[in-house]
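The listed protein sequences correspond, in order, to chains L and W.
Okay, so the first sequence: first residue is 11 according to this note's numbering, each after it adds one.
Okay, so the second sequence: first residue is 97 according to this note's numbering, each after it adds one.
Everything labelled a hint here was simulated from the structure, so no lab data went into it.
Derived BS3-like pairs: lysine-lysine, alpha-carbon spacing no greater than 30 Å straight-line:
#, chain 1, residue 1, chain 2, residue 2
1, W, 201, L, 62
2, W, 196, L, 32
3, W, 196, L, 50
4, W, 122, L, 110
5, W, 196, L, 29
6, L, 51, W, 165
7, W, 201, L, 46
8, L, 50, L, 29
9, L, 50, W, 122
10, L, 46, W, 166
11, W, 166, W, 122
12, L, 51, W, 201
13, L, 50, W, 152
14, W, 166, L, 51
15, W, 122, W, 165
16, W, 196, L, 51
17, W, 196, W, 152
18, L, 110, W, 165
19, L, 50, W, 166
20, L, 51, W, 122
21, L, 32, L, 62
22, L, 110, L, 62
23, W, 196, L, 46
24, W, 152, W, 165
Sample of chain W residues at the chain L side, in silico, Cβ under 7 Å:
#, residue
25, 144
26, 195
27, 199
28, 200
29, 201
Beta carbons are placed, not taken as given, at the ideal position from N, Cα and C, and that holds for glycine.
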Amino acid sequence: ETGVTQTPRHLVMGMTNKKSLKCEQHLGHNAMYWYKQSAKKPLELMFVYNFKEQTENNSVPSRFSPECPNSSHLFLHLHTLQPEDSALYLCASSQVGAAKNIQYFGAGTRLSVL
Amino acid sequence: SQQGEEDPQALSIQEGENATMNCSYKTSINILQWYRQNSGRGLVHLILIRSNEREKHSGRLRVTLDTSKKSSSLLITASRAADTASYFCATDAGAGANSKLTFGKGITLSVRP
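One chain only, chain L, in its complex shape (with noise of 0.2 Å):
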């Protein structure tokens, strides 16, 4: 248990659903991040929430929306997704300005757009 975690573990959903990832964390960091994992490519990271403000967002298509009520909670709403967007998606979190940022992960949730 690494205190962080997502759900569901496991996901299906057509090209024209919606639906929502949950992440928790009871570490009481500072910040959270989405990162997306395939097959044979290096993790790419999504999204950056440090104390619920948005700080990164790299490049992300807008039909990956995401959401950060309190420090504690992440969601990504997924919308009109597209088969390429099937993969395992990461949610983390650290305490940024800490000596050390070292990344506490979550399991993880497989999606697969049908």
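Knowing the structure of chain L, use the given hints to seat chain W on it.
What follows is chain W alone, placed relative to chain L:
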């Protein structure tokens, strides 16, 4: 890009042998970390080394950093079947509030019983 690139891409060894994995990067860094990922799970932090350090140990793990060659190695001694996983290096050129990790593609390690 200062993205870390690990090599080899895949490594298969016998239980009890040592596993050495390498990471190279392109620009100066402040910190380098190694993470492990079991199949279908999230990444778990293993060990961190700063740019002013040359070697760190943690249990069966040894990490070295050569800033002149912009490379790092992770050594797992006396490997076990449970060490089978993917291993990632992550580089960080920033510090404090400007800290940002950049991950490589990872190395798949298989340890045969």
